[in-house]
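Student: With the sequences and hints as input, model every part of the structure.
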Amino acid sequence: MAVVGSDNVEASARPLIFVVEPNPFMAEMERSILRSYAVEFLSPETVVRAAVSRRPDLIIAEIVLRGRDGLALCRELKARPETAAIPFLVFSVVDAAAEAAEAGADAFLLKPSERNALAPEVRRLIGPPRSHGREATP
Amino acid sequence: MTCADDFDPADGAKPLAASAPRMNLQHRRVFLRGTGLRQVADYLAQSFAALLGLEACVLYLYDHRRANLVAVTSVGRVTDLRRLGRIPLDPGTGLAALAASPGEPGGSVSLPLWDSRRLLGVVYGRMNPGRVPDPGLVNLARAMARGGALALSVALAKPGGNSGVAKARLPRYQGVAGEFLLNPYLTRYLESALRLTQPDGAVVLALLRLAGPGCLGRLPYRGCPVPAPRALGRGFGLGRGSNRVAVVWLGLSRQDAAARLRLLMAGSLSLDDIIGRTAAVARPTSAAVVSHNEDLVGAGSMLAVASDLLDLQTCLQSTRRDERREPVHQLTGDAAAMVMDSHVLAQEIDRQRQVLQDAIASGCDFQDRHVREISERLDRLIVVMMRLMGHRGAVP
Chain A
1 MAVVGSDNVE ASARPLIFVV EPNPFMAEME RSILRSYAVE FLSPETVVRA AVSRRPDLII
61 AEIVLRGRDG LALCRELKAR PETAAIPFLV FSVVDAAAEA AEAGADAFLL KPSERNALAP
121 EVRRLIGPPR SHGREATP
Chain B
1 MTCADDFDPA DGAKPLAASA PRMNLQHRRV FLRGTGLRQV ADYLAQSFAA LLGLEACVLY
61 LYDHRRANLV AVTSVGRVTD LRRLGRIPLD PGTGLAALAA SPGEPGGSVS LPLWDSRRLL
121 GVVYGRMNPG RVPDPGLVNL ARAMARGGAL ALSVALAKPG GNSGVAKARL PRYQGVAGEF
181 LLNPYLTRYL ESALRLTQPD GAVVLALLRL AGPGCLGRLP YRGCPVPAPR ALGRGFGLGR
241 GSNRVAVVWL GLSRQDAAAR LRLLMAGSLS LDDIIGRTAA VARPTSAAVV SHNEDLVGAG
301 SMLAVASDLL DLQTCLQSTR RDERREPVHQ LTGDAAAMVM DSHVLAQEID RQRQVLQDAI
361 ASGCDFQDRH VREISERLDR LIVVMMRLMG HRGAVP
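Chains as they are written, first to last, in my numbering: chain A, 1 to 138; chain B, 1 to 396.
FYI, nobody ran anything at the bench for these hints, they're computed from the structure. Heads up, a few of these hints could be off.
[To be verified] Sample of chain A residues facing chain B (criterion: CB under 10 Å; computed from the structure):
#, residue
1, 23
2, 28
3, 62
4, 63
5, 64
6, 65
7, 72
8, 107
9, 110
10, 111
11, 112
[What the hints assert, rightly or not] Label-pair ranges, simulated between beta-carbon atoms:
#, chain 1, residue 1, chain 2, residue 2, range
12, A, 40, B, 273, 49 to 55 Å
13, B, 268, A, 66, 42 to 48 Å
14, A, 79, B, 369, 24 to 30 Å
15, A, 124, B, 361, 18 to 24 Å
16, A, 102, B, 354, 38 to 44 Å
17, A, 120, B, 259, 35 to 41 Å
18, A, 36, B, 347, 28 to 34 Å
19, B, 362, A, 98, 17 to 23 Å
20, A, 68, B, 255, 42 to 48 Å
21, A, 117, B, 270, 43 to 49 Å
22, B, 273, A, 97, 48 to 54 Å
23, A, 112, B, 367, 22 to 28 Å
Built from N, CA and C at the ideal position, the CB exists for glycine as well.
Tutor: Shown next, in the form of structure tokens:
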């Protein structure tokens, strides 16, 4: 994403993360944990089209969703050439690491109760917020 | 902070009634008419962010049962009050008078359900007719927030429309109007408790949700809890209606306090033994316990987590009643589980995880209604645990 003008550098330099999370409590928590990133919450119905057109840096999805499950979502995105390279993190209450890997997910995290593991995993997948490649054009 | 000047025992027990022309403290109300919940939540979050000079404000709006979240909204810093979208509420003077004070850089804080009423009163300039908006509360909130983020929990006292709306899920709340019911005394009560305790002493806060009519305990005088003869702790009830809450400061360790409360919930100990001077018909239906130094440090964090835990416990109990028809999801039914603390929360998370795994192993797919319900419940438990850990500094 090319950006013109230094005022926009900081905002656009933040990696863009799409999150598919049905629970408003958890969504708010994820927004708080990932506040250093540009986070957008999308529905299972809209995330594929948005991913094709906007190419986020990461997609995070719960498995248990209304309409279609997160694993089916992952399979479709990984099957599309435009979105196959976008890292996909399954962040779920369901302990389904093997199923997530089978669906093509790049990482799986069981929603934590004792400590937060989401931020470190996101950093591992796409790097820290400030040093990401979405830079302004020189 | 001084918290004694605006003390009024009746205020904590009654809903606000600001739109009434008479200046009767027992009948001040803030009515919300013709406004959707989203607008109300957005407006309040913006108001508080501007009022307290916060970087961000997250506002949680609950239904009148104080158990179900009906709206969540968050805003960034709002520096120009003229940009605030006013909603058709009676205008107050507190907001403009107090908004000029800048916040300080710092961390974040959550204010619990009942404490938010004072902020609401400050925003509308109606907390204490004839007096200036409560600077003590503003100073407290600002000091705790230090210009960072503020999470507020606000409850609707009554849902608009028919009572069936209260049982509906989030989307059906859109467009509902009602009145806010919040209570001002928790913060000052706990601040007093912490002030009166040695730095390394135990301060265990218990919140009890009560059923049955009758007032209980002695209201705090000038912000200080009044000890009751022969009672284990000090405390008082908030309100006289159903689902009201009692605040108890127990001079026990967390384990001992939880043990006593379990006896109370099981009926082996009377409320009078715990808090003193209680009406016999008032009985606790759920309880939450937090401990200063062991669980958390700071009045704001303790109140926020205790409020979270009590709301969670109420929600779980409601779920348990619903699930009697569906034994596969039945929650723990013993008295121990009726006292919620961080240990019970952790156990409940593990148990719900197992219930979810069992449901999936039995052939339910991820679209199954039961799986989704368990998942939502587990999410809520995990969020409260993460928020608790966040207050401890373990979650960024």
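Student: Can you name, in rising order, the numbers of the hints this structure does not satisfy?
Tutor: 8, 15, 16
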